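In order, the protein sequence lines correspond to chains A and B.
End of the first sequence sits at 1404 in this note's numbering; the numbers just go up one at a time, nothing left out.
End of the second sequence sits at 311 in this note's numbering; the numbers just go up one at a time, nothing left out.
By construction, these hints were calculated from the structure, which means they are not laboratory data.
Possibly wrong hints are sitting among the right ones.
Quick list of simulated restraints, FRET-style, between CB atoms [what the hints assert, rightly or not]:
#, chain 1, residue 1, chain 2, residue 2, range
1, A, 1103, B, 61, 50 to 60 Å
2, B, 78, A, 1029, 43 to 53 Å
3, B, 78, A, 1250, 27 to 37 Å
4, A, 1252, B, 41, 43 to 53 Å
5, B, 56, A, 1029, 45 to 55 Å
6, A, 940, B, 41, 22 to 32 Å
7, B, 35, A, 1346, 35 to 45 Å
8, A, 953, B, 56, 33 to 43 Å
9, B, 68, A, 1257, 30 to 40 Å
10, B, 165, A, 1103, 17 to 27 Å
11, A, 1221, B, 142, 57 to 67 Å
12, B, 32, A, 953, 29 to 39 Å
13, A, 953, B, 33, 24 to 34 Å
14, B, 32, A, 1067, 23 to 33 Å
It should be emphasised that the depicted structure is a prediction, and the values quoted were computed from it without experimental measurement.
For every residue, glycine included, the Cβ atom is placed at its ideal position computed from N, Cα and C.
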Amino acid sequence: MNKHIRTTLAGLLTSTMITGAALAAGTHPETGEALADDQTFTYRILDEHSSVDPQVVEDVSGAEIVRDLFEGLMNQDEDGNLVPGVATEFTTNDTKDVYTFTLRDDAKWSNGDPVTAGDFVFAWKRAVDPALSSPYAWFMELMSIENAAEIIAGDKPVDELGVTAIDDHTLEIKLSAPLPYFAQMTTHSTTFPAPQKVIEEFGDAWTKPENIVSNGAYVLTEHLPQERSVRERNEMYWDNDNTIVDKVVALVINDENVALTRYLAGELDRTEVPAGQFPRLQKEHPDEAISFPRLCNYYYTFNLSDGGPEAFKDPNVRQALSLAVDRKIITENIMAGGQPQAYTFAPEATAGFTVPEVEMASMSQQERDELAKELLAAAGYGPDNPLSFEMVYNTSEAHKKVAVALSQMWKQKLGVNAELANMEWKIFLEERGNQNFDLARGAWCGDYNEASTFLDLLQSDSGYNDGKYNNAKVDELLAQAKTSDDAAPLYTEVERIIAQETPVIPIYHYAGVYMMDSDVGNWPVNNVEQNWYSKNLYKIAE
Amino acid sequence: MLAYIVRRLLIAVPTILLLIVASFFLMHFAPGGPFTSERPLPPAVLANIEARYGLDQPLWKQLWDYLYNIVVHFDFGPSFKFKDRDVNDIIAQGFPISLTYGSLSFLVATAVGVSLGIAAAIKHNSWIDYFAVGLGIAAQALPNFIMGPILILTFTLWLGWLPGGGWNGGQWPYLIMPVIALATSYMGSIARITRSSMLEVLNSNFIRTARAKGLPTRTVIWRHALKPTLLPVVSYLGPVFVYVLTGSVFVDIYFSTGGLGQAYVGSALSRDYAVLLGVTILYGVLTVLVNLLTDLAYAWFDPKIRY
């Protein structure tokens, strides 16, 4: 272990000491804003969370709650950068296959017990244990932890997982392959510690508010399924003195229009803006309607498998269809929420990712349409022999609007007959997964802030590659990127190949489009993964 | 009468069993499963999950285990989606909520609907009649998924009188809008059925006889006309009662009440097999019981019916 990476804590500690006293005065220690007396943050979630068990949770709203209740080795700051969590620093060896984390000695569980390296060992073994059958067990495999894959497959006992508690404050992890971004992955909820004693005492019921013990800035105090969950300040949290928000309330509101109404009635501090309503809301509430880039893409994928349509095997046809899509109409007239137009698969907002000069992006729409006509004619399709196919999407108003717009653009510009078909979500996934489609909608949100989370979808043997795109060069570049210190040029090259071959039609990249009460301070708009921590928020006095 | 009730309850057992078996197979034959997701799970992970929930067993074995756990342990199985809770938890939490706002809606719809219908029939072709018919038709045209947003806009956003949703243990400010939303369209139907039934009864021979022997109108209506009038209403109320009791998915969605309606529809969409089946069984049992009650009520309303 000769190469030491140290995360500087000095600055953070100094500000901690200064701020302790300032909080009582009711002003924010850094910005000097007057703080509201009622430090309650109330926000809307679309659906009931799946679980608050860190090793079991699998949905976004559940992960948001878990991120407040539990704290992992590392956290993210407002910009998505890595900052210390339970660990104060970590070191790695030259080959980047052994990581050693040093844990702070003042981290405590909400029952007062110290948080130890053993709690992480217990949690990580739990995550891969076939007996728990965590739906996120694959994440430990993705982290390349030694023997994770074998344990999940039942070929090795759980005890052989490559994590060791050297002592109470030192955690060592052995990897089966070098992984430069391993530490980034420890901000994911699956890797958060779990309280062994409590889990053994209560079994599956340990996550109920009356039983749960957690080590994050908050504890779960109330849970009314399908209605609300409430988390309140954890007095035992090591950084409790710097936490400002006292109480966080998540209200389950399935209908986004009802949620918006309740927001406007003052019941919520944050809600999503329904598609198409952003321009109006921005005009009426300029301080509250916000839009910022998210780490998600929206695309259509061609079925390139053997059973797919013959026409799509010709790259000219695929490119023609992509060129004829006027993305501006979709982002500005249909979504209208500040979504960026997409000409690449990975969003520009992805960390360390340089968007390649894609020819299509620099052309005018008229030039694109001209080229599209030429390419389609060259492929042998025209008025006498029109191209026809079916496009499928999962049932939703917004997806339907986009699909209708696409089919109209293709019809008017190229004389292509695209027939629309919508399906219920699970049926849609099944059909798309079995390549029973011509052209299908897709969308992907990054699991971590690195271009591979998107580009891996186009790797030939990826389980997510529903279009069955297969390019040896792309596979090779992606494999290289896994272990490369500077993967950015490799990803750029992959995008360049994708732009030429067009296995997918990128349409737009997501934006987080919210109504956010202007008294909410420090919402991390620059964190593209939207990993937010309530402990970093504050409510400003009105 | 007692023998009749016992016989009906005995017939209910194979009925419910048939319901379980049919639902079980229909559910499993629907494309996609509980763990079909946009991020398909690696085979080893999926295998562990399926083994944990017994989904790797043949279907007949799964059905057998399911029935066995219900009969022996009264355990309706786990939820695949909400991993912190099982089906018993979900029903124990959601059903009392649905039951509360459902029975209130039922009472409101019945009381208001029947009164409106009777008033309209007695004052046939008067302004009361026109008003009641107009109100009834308007109410019928306002199903709960239309009423929900209208109520929230009016009472939460514009007037600011009522909270826009939530349950809060069923405090009355949280109950008003769900109850109105759910009751309105049934109230309309009940008013319409009551009115036409009453009109028909008022024109029948025995009412003419009652009037001819000089009984005051009030006695004619309450003693002689009311019971036969309510017969068709009661047969309509039976299924309505089950429907409002088991929760309305729209009320749950718009008002975040946390009732069973949402759990039911949600479980079908997410293929949460045990939840879907558990709620189906509850609905089935309720339907059987309410049908029995309806039939018994017939006997009380119509002396010609004997069990």
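Taking the hints in turn, this is what the structure says about them:
no.: 1; hint: A/1103 with B/61: 50 to 60 Å; verdict: 54 Å, holds
no.: 2; hint: B/78 with A/1029: 43 to 53 Å; verdict: 48 Å, holds
no.: 3; hint: B/78 with A/1250: 27 to 37 Å; verdict: 56 Å, violated
no.: 4; hint: A/1252 with B/41: 43 to 53 Å; verdict: 24 Å, violated
no.: 5; hint: B/56 with A/1029: 45 to 55 Å; verdict: 34 Å, violated
no.: 6; hint: A/940 with B/41: 22 to 32 Å; verdict: 30 Å, holds
no.: 7; hint: B/35 with A/1346: 35 to 45 Å; verdict: 41 Å, holds
no.: 8; hint: A/953 with B/56: 33 to 43 Å; verdict: 37 Å, holds
no.: 9; hint: B/68 with A/1257: 30 to 40 Å; verdict: 35 Å, holds
no.: 10; hint: B/165 with A/1103: 17 to 27 Å; verdict: 41 Å, violated
no.: 11; hint: A/1221 with B/142: 57 to 67 Å; verdict: 60 Å, holds
no.: 12; hint: B/32 with A/953: 29 to 39 Å; verdict: 52 Å, violated
no.: 13; hint: A/953 with B/33: 24 to 34 Å; verdict: 55 Å, violated
no.: 14; hint: B/32 with A/1067: 23 to 33 Å; verdict: 29 Å, holds
Consistency note: the structure conflicts with the earlier hints numbered 3, 4, 5, 10, 12, 13.
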